[in-house]
Structures are given as structure tokens and as C-alpha cells.
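Engineer: Those sequence lines, one after another, are chains A and B.
Here my numbering runs 944 ahead of the position in the first sequence, where the first position is 1.
Here my numbering runs 18 ahead of the position in the second sequence, where the first position is 1.
If you are wondering where the hints come from, they were derived from the structure by calculation, not from laboratory data.
Treat the hints with caution; some may be incorrect.
Said to hold, decoys possible - Cut-off 20 Å, straight-line C-alpha distance, at most; resulting in silico cross-link-like pairs (SDA-like, lysine to any residue):
| id | chain 1 | residue 1 | chain 2 | residue 2 |
| --- | --- | --- | --- | --- |
| 1 | A | Lys1273 | B | Asp49 |
| 2 | A | Lys1236 | B | Asn58 |
| 3 | B | Lys104 | B | Glu227 |
| 4 | B | Lys104 | B | Ser79 |
| 5 | A | Lys1236 | B | Gly51 |
| 6 | A | Lys1236 | B | Thr59 |
| 7 | A | Lys1273 | A | Gly1177 |
| 8 | A | Lys1236 | B | Asp49 |
| 9 | A | Lys1273 | A | Gly1196 |
| 10 | A | Lys1273 | B | Ser79 |
| 11 | B | Lys104 | B | Glu222 |
| 12 | B | Lys104 | B | Gly224 |
| 13 | A | Lys1273 | A | Asn1235 |
| 14 | A | Lys1236 | A | Gly1177 |
| 15 | A | Lys1236 | B | Gly224 |
| 16 | B | Lys104 | B | Leu82 |
| 17 | A | Lys1273 | B | Ile148 |
As the list claims (entries may be wrong) - Part of the chain B face toward chain A, derived, beta carbon under 8 Å:
| id | residue |
| --- | --- |
| 18 | Gly51 |
| 19 | Asn58 |
| 20 | Gln120 |
| 21 | Phe236 |
Using N, Cα and C, we set each Cβ at its ideal position, and we do this for glycine too.
One letter stands for each residue in the lines below.
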Amino acid sequence: MKLAPMKERLRLLLNSDAGAPARGTTMSGMTSVRKGVPLWCLFFVGLFFPVLVYSAPEIEEAVPLNFGTFAITGNNSVSTFTYPRTGRNFSIAGNLVLIAEGTPGRFLLSGFPPNVTIDVEADDTTLTAGGTGIPEPLSVSNYDFSDLFSNDSGEVELQMGGTFSTSGNTGDYEDAPYSGGTQLRFHYWEPQVSDYVTVTKNITLAAEVRSGFQLEEAQSLSFGSLFARATPGDQASLTLFPGGGFELVNSGDARLVSLTDPRPAVLVVQGAAPNRQLSVVLQAGNVLLENKSVTTAPHFILSDLTSSADNGSDRTDSEGTLEIRVGGKLTTEQTPGTVVYPSGTYEGVYSITIEY
Amino acid sequence: MNKNVAMIRKIGGLGLAGAMAFGSAGATAADFGVSAQVQNTLAVTVVQPMALGSIFAASASSGLIGSLVLEPTGGMVAGETGVVIKSLGGQAAARGSVATDQNFTVNVPTATIVTSTHTGPNEVTAVADIVEVRIGGAAGDPNVARLYLANFTVGDVTDGAITGGPYAAGAAVTLDPAFGATAVAFGIGAEVITDDSGTRTGYEAGTYEGTFTVTAEF
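Chain A with its partners taken away, still in its complex shape (with noise of 0.2 Å):
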């Protein structure tokens, strides 16, 4: 942040929110002088200058300040995201993972005295979700601001970056657009007045979090149509593989026959962060699948759900998007004597945890 010193001075205080020019387009704009200058002085600066005619200071918002998107992974403590102002070697610490890169903000100032220089500074604020104000806030503070020197023109080029904090108190952030206004204010001498001015513009930074992601099924788990037979003592098993292949293997007098294909479950994660490591957390425990039309049908075991993501983690693709295909073990169980499954649709359910 640049601030000029601001002593006794004769200042001229203009507003140009949204980019207006409040008012100063000339000589005879100059409305807020301050009290204890001669108004004849003024018909001096007239008369001898009266061909210096400047537009008034605007600022414009090329583009907005957007810190991009985010996933939240945990606000057990504080974690930062710092963008500068040329958004690029922007940095994380703590428990943020970027999802989609956002811009620096960019103004463009005209009508400013030419080369002069121009210093800007903000006030630190916070954005929340929707911009309603409701916790949990981001904090932005640490202003990355480009060196303003006007043009013969009296144009000149703002670049803008900044930081990002959590709370760090645990508290959860919504999957949402956050937004949070602050107001620029641009420091710089005014020949026309012989002082330091004051230009103000109003300003709404931007930022989205993203913690979740959609995880679809595009297909389910199946073990296709099967003959099965259990017995007391032995159990008959078919192991699906997640990439589609299957073994049988059968003990005793207990039977499985596949009449047709298993397939393997289809998984699809979107809305992830691009070329990031997800972990992919089976079930552990064995699932039931049970005959909900005949009720004394013997269960089948599943057991040994497994991923086609290598020990457990695999990597989004640079669109954020990740496929996942699950497999398991189905076996007979074990009855009190031999018996052959009751034909109709035995179901269960698994679960499965993928998270960064």
C-alpha cells in the first residue's frame, strides 16, 4: 500500500463510485475547496489559465478482482491464499486446494493528470457466501497494488492481487460464490489545485468455494444373472475385478454359475479439482444381498470391495474429473443345508468416501 503524506494541504475530495466522475470536470467544478481560500484567488487561477480543461478521473473495472475457486478441506486452522497482482506464482498454505484459477483485478484510470504519481491503497474486508454477510467470512487483506505513474495522457493501468485467510476456527464454509465490496482510493497531486486529491471507487472482490464435488453413478455394481446353490459346509465365490473380469471359483456341492457378464460399478467424479490426487475409501465391511420378495431366500456375501484406484487414491483429469470402477468379491453363504438360491434380485448397498 502507497500513501501519500497528507499534511495541511488544500484537498479536493472526488467520488467516482461505479466509475462517475462526481464532479471537478473544470476549473469551475472545483465546489469543495476548503473554507479559508479566497474565492479571489480562484478568479486569478481563471483568468490567467482558462484554457486548461481536464476530464474528470475515472476508473474503470476492466476486470475484477476473482480469487478463483476453492475447496475448503478443513478450518482447523488458518490456510491463506496469496495472488498476486500478475496472478501468476500465487501461493497456498494450509487447507485450501484451487479448483479453477480466478483473474487479478485490472482498472483503468483516465483523466488523471498527467505523469504524476498515483498511489492507491484499500481497506482490508471480508467475503462471505452470496455476499450476505453470514459466517463463515474469508478474509482479504494484503493488497498487491501495480506502481500508478499516469501517461502524457493522464491514463494509467491498475493491476490488483491480494490474500485470502480462513477463519481457522472450524467453522464450515458453504459451497457457494462469495463476494465482499471494499473501496479503492487513489492518492495523487492535482496541478489545478496545487494539492493532494482524492478519488474513490468502490469495488467488489470475488471468490468461490467449492469443497464438494458430484459423484454419479453411470453404472452400477452387478453380478449379472447367476445360478446359485449353498450348502452347509462349502461356499462357492465369483470375484469381479474392477476392470470387468471375473473368476469363479466353486467348492463342494456349493455353485455359482454366471449366465451372463458381471460388470464392474462406474463411478464419475466432476467438479474436482483438476490433475489432483482424490483418495477412494471402500466399504470395509461385508454388504448383504438379500431377496426382498422371498425373505427366507439365503443371502449373498459381498466382501473385498475394491477400486481401480491404486492403493486407494487416483488422480482427476485436468478437467476435475475422475472414473472410478468398483469391484468385489460375491460369495454363497453358508446353510443349514443345500439350497438353491430362489430365482429373483438380491440387492445390497455399499458406500464409499472420495475426498482430497
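Add chain B to chain A, keeping to what the hints say.
Structural biologist: Quick look at chain B alone, frame taken from chain A:
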């Protein structure tokens, strides 16, 4: 006289349910369904119904029976001759097909009778699982003498072989599909026996019909 083979056909349909889950705090947990479709009876496709062809049979007796043996290959040979019954040709064994590459068992009607030892009335009609063949089918004239089917046999297997035999008539037969085969066809024969009720003694010209059930299972 024609006889239609009834079939049991059970084909399971797989349900596919889609689901979607959303998560937060950097993790997504979801429950998804898993299913298996059990089909404990194989679908038997009727390739050809059984046809007894044209038969000459004039009368029936309570104490005597006559019979013809329709072989799984479609041949018809004479059986018992206590009552005159002759084949005039046109017969065909039933043929069924099962689409599988796994061993399976064919179940035919279990009715069996040793026709050569027949001595008295209703020995045929009282046999369990006997198949009636009546003029006009089930709704036909009940007073007309009937034909009966028993001693079913399985043979003439295409794209497979009978394994584990020999099998008695009426017994379940295990078929072993040939390597690479995805379906097995087989013939079904039976012995056609005259009515021994003693109350239905005359046959009439016409079409005699009946049904029997063949199932297959693993």
C-alpha cells in the same frame, strides 16, 4: 395328433439405477446399490413341438394296452400290442434348446410305467405326472378314449452331449455343452399309450392335443 410342448421361461432383467451424491468439506460419501439376479430355471426354447403324427387306434381296453415309442430322434417304433395302435407317419420328437455354455439338467415329466407288465384298469391313468392327450384338447369330449404319454426320454443332442448317464426314462438328464457352444438343442421322446380306464373305449377321428412341461436348471 399334435402335442405342444409347454415351456417355462424365466429371463431376468437387470435394473440399473443411477445415483448422484454431493459432498462438502473436501469429501464426498455416498451409498450405491449392488445387485445380482438369480435365475434358477433356465429358459427352454421350443425348437419343435412334439407331433405324434397320424395314428390308427380304434378302441381301448381296461385290461390291455397298446403303445408306440416316439424316440428323441423322431423315430416311432411299436411298443405294447395288447390294443391295436399304429403309426401312420408324420411324427416328430419335441426339440428344445437352452442357451448356456454351462452344464445343465433337463427335467421332463416323471411319469413312468412298465407297459409290458400292465394287467388291470387305470394302471396308466393313475400314473403320477402322466400326460393326457385328448381329442380337442383339454376342452374336448371327455368320453372319448384318450392317449397317454409316459416314459419321456432325452437324446439327439446338438452342440453338446449327455453326461453322467445312462438315465432311466422320466429322469432328469444332464447335458454338457460342447466347447465353444453357447446353446444346446436336444430331442424329447415319449411312449404313447392307449386308454385303460375301461369307461372310454372308443377313439374318434380328430386332432388330439395335450401339453407337458420341460424345464432346465443348473
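Engineer: Take the hints in turn and mark each one as holding or not.
Structural biologist: Results of checking the hints against the structure:
no., hint, in the structure
1, A/Lys1273 x B/Asp49, "18 Å, holds"
2, A/Lys1236 x B/Asn58, "16 Å, holds"
3, B/Lys104 x B/Glu227, "18 Å, holds"
4, B/Lys104 x B/Ser79, "16 Å, holds"
5, A/Lys1236 x B/Gly51, "14 Å, holds"
6, A/Lys1236 x B/Thr59, "19 Å, holds"
7, A/Lys1273 x A/Gly1177, "19 Å, holds"
8, A/Lys1236 x B/Asp49, "19 Å, holds"
9, A/Lys1273 x A/Gly1196, "18 Å, holds"
10, A/Lys1273 x B/Ser79, "63 Å, violated"
11, B/Lys104 x B/Glu222, "15 Å, holds"
12, B/Lys104 x B/Gly224, "15 Å, holds"
13, A/Lys1273 x A/Asn1235, "18 Å, holds"
14, A/Lys1236 x A/Gly1177, "25 Å, violated"
15, A/Lys1236 x B/Gly224, "49 Å, violated"
16, B/Lys104 x B/Leu82, "15 Å, holds"
17, A/Lys1273 x B/Ile148, "45 Å, violated"
18, Gly51, "6 Å, holds"
19, Asn58, "5 Å, holds"
20, Gln120, "5 Å, holds"
21, Phe236, "4 Å, holds"
The structure fails hints 10, 14, 15 and 17 (numbered hints given earlier, in ascending order).
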